[in-house]
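**Q** Spelled out, the chains give:
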Amino acid sequence: MTRVTFYGLPAWIGAIHGPTVCEWWDRDPAELGWDRSRLRKVDLARTSAAALAGRIPVSEVEVDHHMSEGGRTTIGPLWPGGAEIGACWVSERYLQRAELPVRSHEFQLIQYFDGEQKNRRFYGFHASVLAVQGRLSLVQVWHPGTGTEGAPPAGSWWIDLNAHADPSAPRLSPNRPGPVYLDTGAVRELPTFDPKIPPFRGGFGLPAQIAAWA
Amino acid sequence: MARGKQAHDLRVGPRLSVISREPDRGLARMAHTIVPSVRLGGLDELVALLTELGARAHGAAIADRTLDLFGHATVDGGLLRLGRDVIDAADPAVVAAFGALGRRGTLRQLGIRAIRLLACGTAVHARGQATICALAEHAGVEVFGTRDLLYDTHYDAHGFCERWRFLLISASELRRPAAAPAAPSGPHRLTLAALPAVILAGHPERGPRRIATPDTADRILALVRGEAGGVLPEPVAPCCELALPAAQAGAYHVAHVVLGGAFVQFYPAGDAGPAVAYPVAEPAALQQILDELTDPERDPPGRCDPPDAPSPPSEAPLTRGGPAGSCARHCT
Chain B
-14 MTRVTFYGLP
-4 AWIGAIHGPT
6 VCEWWDRDPA
16 ELGWDRSRLR
26 KVDLARTSAA
36 ALAGRIPVSE
46 VEVDHHMSEG
56 GRTTIGPLWP
66 GGAEIGACWV
76 SERYLQRAEL
86 PVRSHEFQLI
96 QYFDGEQKNR
106 RFYGFHASVL
116 AVQGRLSLVQ
126 VWHPGTGTEG
136 APPAGSWWID
146 LNAHADPSAP
156 RLSPNRPGPV
166 YLDTGAVREL
176 PTFDPKIPPF
186 RGGFGLPAQI
196 AAWA
Chain A
34 MARGKQAHDL
44 RVGPRLSVIS
54 REPDRGLARM
64 AHTIVPSVRL
74 GGLDELVALL
84 TELGARAHGA
94 AIADRTLDLF
104 GHATVDGGLL
114 RLGRDVIDAA
124 DPAVVAAFGA
134 LGRRGTLRQL
144 GIRAIRLLAC
154 GTAVHARGQA
164 TICALAEHAG
174 VEVFGTRDLL
184 YDTHYDAHGF
194 CERWRFLLIS
204 ASELRRPAAA
214 PAAPSGPHRL
224 TLAALPAVIL
234 AGHPERGPRR
244 IATPDTADRI
254 LALVRGEAGG
264 VLPEPVAPCC
274 ELALPAAQAG
284 AYHVAHVVLG
294 GAFVQFYPAG
304 DAGPAVAYPV
314 AEPAALQQIL
324 DELTDPERDP
334 PGRCDPPDAP
344 SPPSEAPLTR
354 GGPAGSCARH
364 CT
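Chains as they are written, first to last, in our numbering: chain B, -14 to 199; chain A, 34 to 365.
For the record, the hints were derived by calculation from the structure and aren't laboratory data. Misleading hints may appear alongside valid ones.
Covered stretches of chain A (chain B as the covering partner; in silico rule of three or more C-beta atoms under 8 Å from a C-beta of chain B) [what the hints assert, rightly or not]:
#1 179 to 187
#2 197 to 205
#3 263 to 274
Here are some chain A residues pointing at chain B (derived, C-beta under 10 Å) [claimed, not checked]:
#4 Leu60
#5 Arg160
#6 Pro220
#7 His221
#8 Leu256
#9 Glu260
#10 Ala295
#11 Phe296
#12 Pro312
Glycine residues also receive a C-beta, built at the ideal position from the N, C-alpha and C atoms.
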């Protein structure tokens, strides 16, 4: 089963080399003294959507696709005209190669490419199981990015975790807040928001919708 | 005005490209590049063109497409200029023209499912955004504006390039509230007295209604785990409706039994607000009480009748429909 974990990082574009190729800082460049040696190159065309469409092998995926296509990356996706400050959801492989910091479960996204979970996406949340009734669990869920910061939860929902949570992730223990990865079907029904990346930016409703007739 | 082959060409393809006719080299170059396209000098010409094309369609099946209006935007409000006219919802003539195109079915005849105002920043200013929303409302189709500058990179021989669609924003997105309605942060706790009470006469009935006495209401509430309320992500059809007596004489708190009796939903913010589902400790016991409340004169046999084979709560799925038997027959 091939899966890729994506990590949401803030991104400031420092150089543009083509319609989809750029270099970016993962921190505000003003704090870094505009140090160009800390720029990382990325090709925003090397997306999970491109791999799912068979245009590139999964091993070459660098980023999740742009929000306008239902993904979570908000920089780009094309220049000129693309966004220059936003979120860049990079693949685990890219993260390691670029020596970027691993982010917590609230800033993670898991995409499956084949096997039983093919094409399924799971969004990381901080959550707690408060009660169980049959197959449904009363799950208290925090907006991504706020769960480990002492913020109040976004709400409590009855969710079938067997059907909607990533089966490869550890199960939540009752009344012990921790990570849970929920699929698009569950997330669509929860009024939660994408994490604010960079923090001063507004969030988007989850999951990002492809605008019909755009 | 389009005539002959050009008019015929405009009836096919995923985009109907209309370019403002004004003395501008950029727009002239665009008209030369986009084939087919037509240059129009005003809103009246647009209405006439679409009416003519619609009449020629003769009801033939046409694939869904967009009406793409290219031009320059006004500096102050980011409003698209089409020849001598400004597409501004504050102008009643503009609203009337687009409303007529929608009402008369002209857009539908041509397969037009969306109108795109393709000039620089047509969705940036408040007036532009208001125009996008108003046109969508009156024309009855989705309307898009732009969030950024547009220039020759963004179109080719086929018209506006779909790869740049991220520059667009729709009326639906503009209308969407900045934040989804906030859900209570903790689990909901059931306080019956705090729930809205209604007079049943005239109150719409969702499922067979079971009117409880104060005694049976107490027995029902004893089965409901009132400390563990939460929202069911998907709407579920009720098996039956519960009316629990309120403190005010003749008034009732309305609730619904769902998912085969595994949950009871209450409405703390009234009928229009979100339902909060509370788990039932013993669904079979609840069913027994519901059976006692069944009026054989009023309720046809088989509606919310006793389960053939009581299902344990573990069989309750999240998706619509409950376990076999009992109330589950009415859960769709």
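**Q** If any of the earlier hints don't hold here, list their numbers in rising order.
**A** Numbers 4, 5 and 8 - these are the hints that the structure violates, sorted from lowest upward.
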